[in-house]
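Asks: Those protein sequence lines, which keep their order, are chains A and B. Start counting the first sequence at 454; every next residue gets the next number (our numbering). Start counting the second sequence at 1349; every next residue gets the next number (our numbering).
It is worth saying that the hints were derived from the structure and are not from the lab. The structure displayed is predicted, hence computed values, not measured ones. A few of these clues could be false.
Simulated restraints, written as ranges between beta carbons of each label pair [to be verified]:
1) A:T477 to B:Q1594: 33 to 43 Å
2) A:P545 to B:A1707: 54 to 64 Å
3) A:D554 to B:P1684: 20 to 30 Å
4) B:N1704 to A:D554: 29 to 39 Å
5) A:A668 to B:E1480: 52 to 62 Å
Residues from chain B that face chain A, not an exhaustive set, calculated with beta carbons under 8 Å [to be verified]:
6) G1417
7) T1419
8) K1446
9) K1448
10) Y1528
11) K1590
12) Q1593
13) Q1598
14) Q1645
15) A1707
16) A1708
17) E1712
18) V1714
19) D1717
20) M1719
Beta carbons are placed, not taken as given, at the ideal position from N, Cα and C, and that holds for glycine.
Take a look at the letters that make up each chain.
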Amino acid sequence: MLTLANHTFTSRLLTGTGKFSNATIMKNAVAAAQSNIVTLAMKRVASSSGQDQTLKALRELGVTLLPNTSGAKNAQEAVFAAELSYEALGSPWIKLEIHPDQRYLLPDPIETLKAAEILAKKGFHVLPYCGADPVLCKRLEDVGCAAVMPLGAPIGSNQGLQTKPFLQIIVEQASIPVIVDAGIGKPSEAMAAMEMGVDAVLVNTAIATAQNPVAMAEAFASAVETGRKAFEAGLGATFSQAQASSPLTAFLEPAV
Amino acid sequence: MKVAQALIQQDLSHLALSINSKTDSDVERALNANTLSLDDFMALISPAGVPYLEAMASRAQALTRHRFGNTMQLFVPLYLSNLCANECTYCGFTMSNKIKRKTLSISEVLTEIEAINDMGFSQVLLVTGEHETKVGMDYFERTLSAIRDKVSYLMMEVQPLKREQYETLKYQGLDAVLVYQETYSPQHYASYHTRGKKQDFLWRLEASDRIGQAGIDKIGIGALLGLGDWRVDSAMTALHGKLIQQHYWQSRVSIAFPRLRSCEGNDTGGNALTNSKLPNERDLLQLICAHRLFNPQAELSLSTRESAAFRDGVMPLGITSMSAASQTQPGGYSEPSQALNQFDIDDNRSVPDVVNAIAARGLEPVWKDWMPFKARA
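Can you build the whole structure from these sequences, using the hints too?
Replies: Here it is in structure tokens:
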């Protein structure tokens, strides 16, 4: 079970709603992923949210909505987007995304920390998208975030766990859940993240832009489950050489 | 003015020579490069690139879907005024044209916005001729404050303004500014722009710096293809986009490729313009794919100047933003007439027809992609 802000979820695979061909495919993919938590960009939600096809589909699935602040360029805009999302959807969950960089959409650590503090104080369950910076993740934890969402690689890049050594430190140090948010391109990479002990992963591009998004969602669901199982089972240590005997310390044994 | 300075230092005749001397191996190298240089871009748009169009289209499609997903942004132009104090020999609004001149009053603008909202649009591009005294800052400010809460993303294509003026409009909710250079060749530019403030080539070229300094979210650039050598102008446009990304990294870049159309007083460029300079549809597709390969993150925008068949075909390959059912005369949405058009459009389909064509290609139309961020300054 994944626990976020005192809520428990059976699935450790979070998904998104962007980049799909239409709302039906999105809905079927989310269902196949068995996700309990789905993120959606507030900027894409129709002004009269009652008419929004994506929202309608998600409500039919009964998942927990995780509105995000995508498009915000600074803390002030992100706080505004979060408040707008609370007004429109009545949800305390917010995925904090602040990316002033318009090409690689990399998160601004300074503005993210500022906004996280403000929103946590206002009572939001804040899940910040951030760089794989262990110190920043501790600071985000200190200001009251419900989890941290460090990136594995640039968002949408499908490059996998490029930040692995830093993710390992984040996992080791965190006392809130760690969700790898960006860059996971293949089920094997999601599994590798789960084996490392991250609490959950968020996958959007790799599912939405697959030739068959529904089948890909299923593949990710089983990979995440397997990876978690392996982590919980306690993976054996890996060695680069065989460890057959004790040639260096054998002299301690009494001679036969 | 870092972007304009770098552009002005380019030797256009050298670019033309370089483009025309590209070989098969230059094109193949460009097609296989992870990150393309301007030289690679020039190889892709060169005559040597023509036989590689299918391979370029395939890569452009993959890059576009990967970055933008299976989506297509939809916007509509709203012509506010056809008053113009410039003489531009290719444009229907040109000063000496004896057409009926019209500037929408604020209440007429609101009627147009209502008609546009009824069509489903909330991403709107405001367009005017260039008439600083009658259609200037005062008019823009009144218009923006009247309509801002009725549109989700507000773009403008008007005369180049001062940095402080862009800042003022941004504060009122302006999200994007489009200033097309028309041609990057000062000589060609001078021959087409024969009267008025638009004659000032450098003031126009420096607009993207002023827009970037003002922190506007999106900067639109492009050359009017058919005025000069379209390949050279396109190489300059590609470089322009990269320079904006480098210097104004918080702004997005949008690139358009308008081909010269016929208009009142200019019959498909009949008199002043030679048609041989116009890229054909095959050239245009090659150009669109080359821009996508060179700049995977840029918005590529296609208007209703192009035919329905071409728009449908190119839709999945690189274009990420389209207009539909556009009217190019002030007041056209609430009261359609052909009298005052800036140019003739080609794709005359209704919005539902365009939406169906988008869906048929496995793409989802995006009507809204922004929040009403207040006081972005």
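Asks: Against which earlier hints does the structure fall short, listed by number upward?
Replies: The structure breaks hints 2, 3, 8, 9, 10, 11 and 16; every other hint is satisfied.
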